[in-house]
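Enquirer: With the hints as your guide, set chain X onto chain P.
Chains as they are written, first to last, in the working numbering: chain P, 592 to 1033; chain X, 7 to 286.
Where hints are given, some of them may not hold.
[Unchecked claim] No more than 20 Å apart at the CA atoms, straight line, and that leaves these computed lysine to any residue pairs for SDA-like:
| id | chain 1 | residue 1 | chain 2 | residue 2 |
| --- | --- | --- | --- | --- |
| 1 | P | K779 | X | F218 |
| 2 | P | K779 | X | T160 |
| 3 | P | K667 | P | L797 |
| 4 | P | K813 | X | L165 |
| 5 | P | K779 | X | S170 |
| 6 | P | K839 | X | P74 |
| 7 | P | K779 | X | I171 |
| 8 | P | K779 | X | A156 |
| 9 | P | K813 | P | F916 |
| 10 | P | K813 | X | F221 |
| 11 | P | K779 | X | L169 |
| 12 | P | K813 | X | R161 |
| 13 | P | K839 | X | N70 |
| 14 | P | K851 | X | G71 |
| 15 | P | K779 | X | L215 |
| 16 | P | K750 | X | G166 |
| 17 | P | K813 | P | V661 |
| 18 | P | K779 | X | I157 |
| 19 | P | K839 | X | D22 |
| 20 | P | K839 | X | L108 |
| 21 | P | K779 | X | P168 |
| 22 | P | K779 | X | F159 |
| 23 | P | K839 | X | I72 |
| 24 | P | K779 | X | W164 |
| 25 | P | K813 | X | I171 |
| 26 | P | K813 | P | Q669 |
| 27 | P | K813 | X | L108 |
| 28 | P | K813 | X | F218 |
| 29 | P | K779 | P | Q757 |
| 30 | P | K851 | X | N70 |
Simulated from the structure, these hints should not be mistaken for lab results.
All of these numbers come straight from a predicted model, not from anything done at the bench.
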Amino acid sequence: MKRPLLTLLLLATWPVASHAFCGFYVASGDAKLFNKASQVALVRDGDRTVLTMANDFSGEPKEFAIVVPVPTVLEKSQIHIADKALIDHLDAFSAPRLVEYWDPDPCMVAKEERFMLQNAAPAAKMSADLAGIRGHSLGVTIEARYTVGEYDILILSAKQSGGLEQWLTENGYRIPTGASRVLGGYIKQGMKFFVAKVNLKEQRKLGFTYLRPIQVAFESPKFVLPIRLGMVNADGAQELFVYALTRKGRVETVNYRTVKLPSDQDVPEFVKDEFADFYRSLFGNQVRQQGMEVVFTEYAWDMGWCDPCASDPLSASELRGLGCFWLSDDVSRGGGQTPFITRLHVRYDAAHFPEDLVFQETSDRTNFQGRYVIRHEWKGEGDCPGAREYRASLAERRAREARNLAELTGWRLERIRNKMAVTADWSRPEDRQRWWERIWKN
Amino acid sequence: MLSSLLGYGLFGLDFDLSWLHVTAVIGAALATQLVCSRLWKLPRFDPLSALISGIGLCTLLRTNGIAPAVFAASLAIASKFVLRIRGKHVYNPTNLALILMLVAGAGWISPGQYGHFAFAALAMVCMGLTVVTRAARTDVTLSFLISYAAILFTRSLWLGEPLSIPIHRLQSGLLLQFAFNMISDPKTTPDSRAGRVLFGSLVAFGAGLVQFVLFRTNGPVWSLAAVTLLVPLIDRWLPGPRYEWTPTTARTGGSKPAGNLATAGTHPHAGAAAPAPAIP
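Next comes chain P alone, as it looks inside the complex (with noise of 0.2 Å):
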């Protein structure tokens, strides 16, 4: 049987779950989030570079396989599999967060303001025997062979992308076609192919029953994350999250803009019982209104801190586990420089972005997160001058938050206002209750 060649960008389909931190609960949804999605955290310092590919590939494991191009042979040191727990961790460090305030009894002079965070992070679900005579015929030289953790890696180098194609597919790799043209590039670019397939044996002796992320760490100038092979054979536009991971400042991408997520933005109430829905709508809406020709930074954060935490920042064995080899797990010893986080997140198709992703490192420093925050109104019954001040300025703050979210989403303004359950001129009949309506409510 086959194996579907799955590129660095696997076709995956991505449930959401809603964590709850801070004490707080917040009902979840098992609605998609997005999908066929991929998560990528790139470990980056001056030529180094540790690559950490996540999937969650829900096949069966004997059909998954994965092809790379990278740029130098690697050896089998140079490959570790991960924890997918490292990239759930980012994942849920860096999501869009929504944060909650209530309102203060405007007749009372001391305030006392509560949040409480939601996380709409897509929590990271994303989860041979080989000719070798056969492929010197083919000007295909399998480079390296190693076994590591449940995978098959095989390292190969070629002379022409035909002959890498048939040696593929003689091998039980299913290739789109228009792979070879893309596979030519990289072949006279002197790129390497790392190709990965899972060892059942392997796998049933680890018992794990899920596809672990695969790291690979090398020294090249290159700042590429190829995505060109996974759009060969794509069936619409692909989502793909980055989580650069680097030691001076801020990355974008430098052939394509790089903007920031509309962020800090006051939204209805409602919108805490269906933030997952809202993210993906205002992913979407941005999108559409950039002309699918941008990279938007979600989050860009030195990962020493955070404000306010969407989950506890990473340890420093976490962080050396994904590459940062600059960090010392004796924090005694002084540590090392804490990395410096971005997370991009671009969705894409061939006709938008015709070239691989090509990053700079920027020294900027400066924290961006998406943050949405929404305001509980006070229901109090007092009735002091600042009362009815604060309940007369009720209508025109809601028709400001409903535009706010008809703005980022999308969401027609009438849809938002017979979610937030106002009249036409955005009032509440509670709002004009009288005093002593407020004593007897029944």
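Expert: Below, chain X alone, put in the same frame as chain P:
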């Protein structure tokens, strides 16, 4: 054109630039020009070139905070007065400041900041403006763009890449800003037309080298800095009339553009003997 790019960046693309930043950088460029004009006892204070450098830096250089950007603007303008060979300043001031800030790690350029334009439309606008304002140096811009396009297309054809890739690379707004506003600086390009065509091609070649052999970003900016050092040699090999920036002529002459080709030094090697050209 630079002002419209800055305006587009600020309002259309939402650059992370405050008005304070823009004012401080342009102010620093003008102030440095004023101080240096006095120190070097120039007959008049000419703000135009400093304004161009200031706006150029606003659109290109990104920094953490305003201070490094202000420093870069002052550095750019001061370099025109300090780094001179045969009465001609060596470096395009914006280019030099960008390179020094990149080397020091005190700033960065975002090559993708303008996104990708409908190339033909933008190129026509650029061409139109160039013809009107700076006809004398269109040759260097064209030579650079044609050579760079040739490199991109040849490489893609060799790799078997779809042509959408080189076209996408050419549609970079930053590349066009470089071609029309930085490399075309009349004071730092060779004197003769043949020299300028050679210069433009060399910069394009260097840019390709940086991008496709060294795999570094901002190829054109690095390449211009390196190739600029060859300008005295190109001038010696392919001599031509010296450019002089003559705003007075432009104002009094009416029909002449602000930057025009004058023959201050009738003989290219007579730089020292010829009247010292005004510093833009």
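Enquirer: Just to be careful, I want the Cα atoms of K779 (chain P) and Q757 (chain P) compared with a cutoff of 20 Å; is the pair within it?
Expert: 17 Å, holds
Enquirer: Run the distance test for K779 (chain P) versus T160 (chain X): straight-line Cα separation, threshold 20 Å.
Expert: OK: K779 (chain P) and T160 (chain X) at ~13 Å, within 20 Å.
Enquirer: Quickly compare the C-alpha distance for K779 (chain P) and W164 (chain X) to 20 Å and report which way the hint goes.
Expert: Distance ~8 Å between K779 (chain P) and W164 (chain X) Cα, so the pair holds.
Enquirer: Between the alpha carbons of K839 (chain P) and L108 (chain X), is the straight-line distance 20 Å or under?
Expert: 13 Å, holds
Enquirer: Are the Cα atoms of K813 (chain P) and L108 (chain X) separated by 20 Å or less?
Expert: 18 Å, holds
Enquirer: Given the hint that K813 (chain P) pairs with R161 (chain X), test it: the Cα-Cα distance must not exceed 20 Å.
Expert: Holds: K813 (chain P) and R161 (chain X) sit about 17 Å apart, inside 20 Å.
Enquirer: Hey, K813 (chain P) versus L165 (chain X), does the alpha-carbon distance stay inside 20 Å?
Expert: 17 Å, holds
Enquirer: Please verify whether K839 (chain P) and N70 (chain X) have alpha carbons no more than 20 Å apart.
Expert: Cα-Cα ~12 Å, so holds.
Enquirer: Given the hint that K813 (chain P) pairs with F916 (chain P), does the C-alpha gap stay at or below 20 Å?
Expert: 19 Å, holds
Enquirer: Are the Cα atoms of K839 (chain P) and D22 (chain X) separated by 20 Å or less?
Expert: Holds - the C-alpha atoms of D22 (chain X) and K839 (chain P) are around 19 Å apart, at most 20 Å.
Enquirer: Regarding the pair K779 (chain P) and L215 (chain X), is the alpha-carbon distance no greater than 20 Å?
Expert: Roughly 16 Å between the alpha carbons, so the hint for K779 (chain P) and L215 (chain X) holds.
Enquirer: Between K813 (chain P) and V661 (chain P), is the straight-line Cα distance small enough, at 20 Å or below?
Expert: Cα-Cα ~10 Å, so holds.
Checked against the numbered hints listed earlier, the structure breaks none of them; every hint is satisfied.
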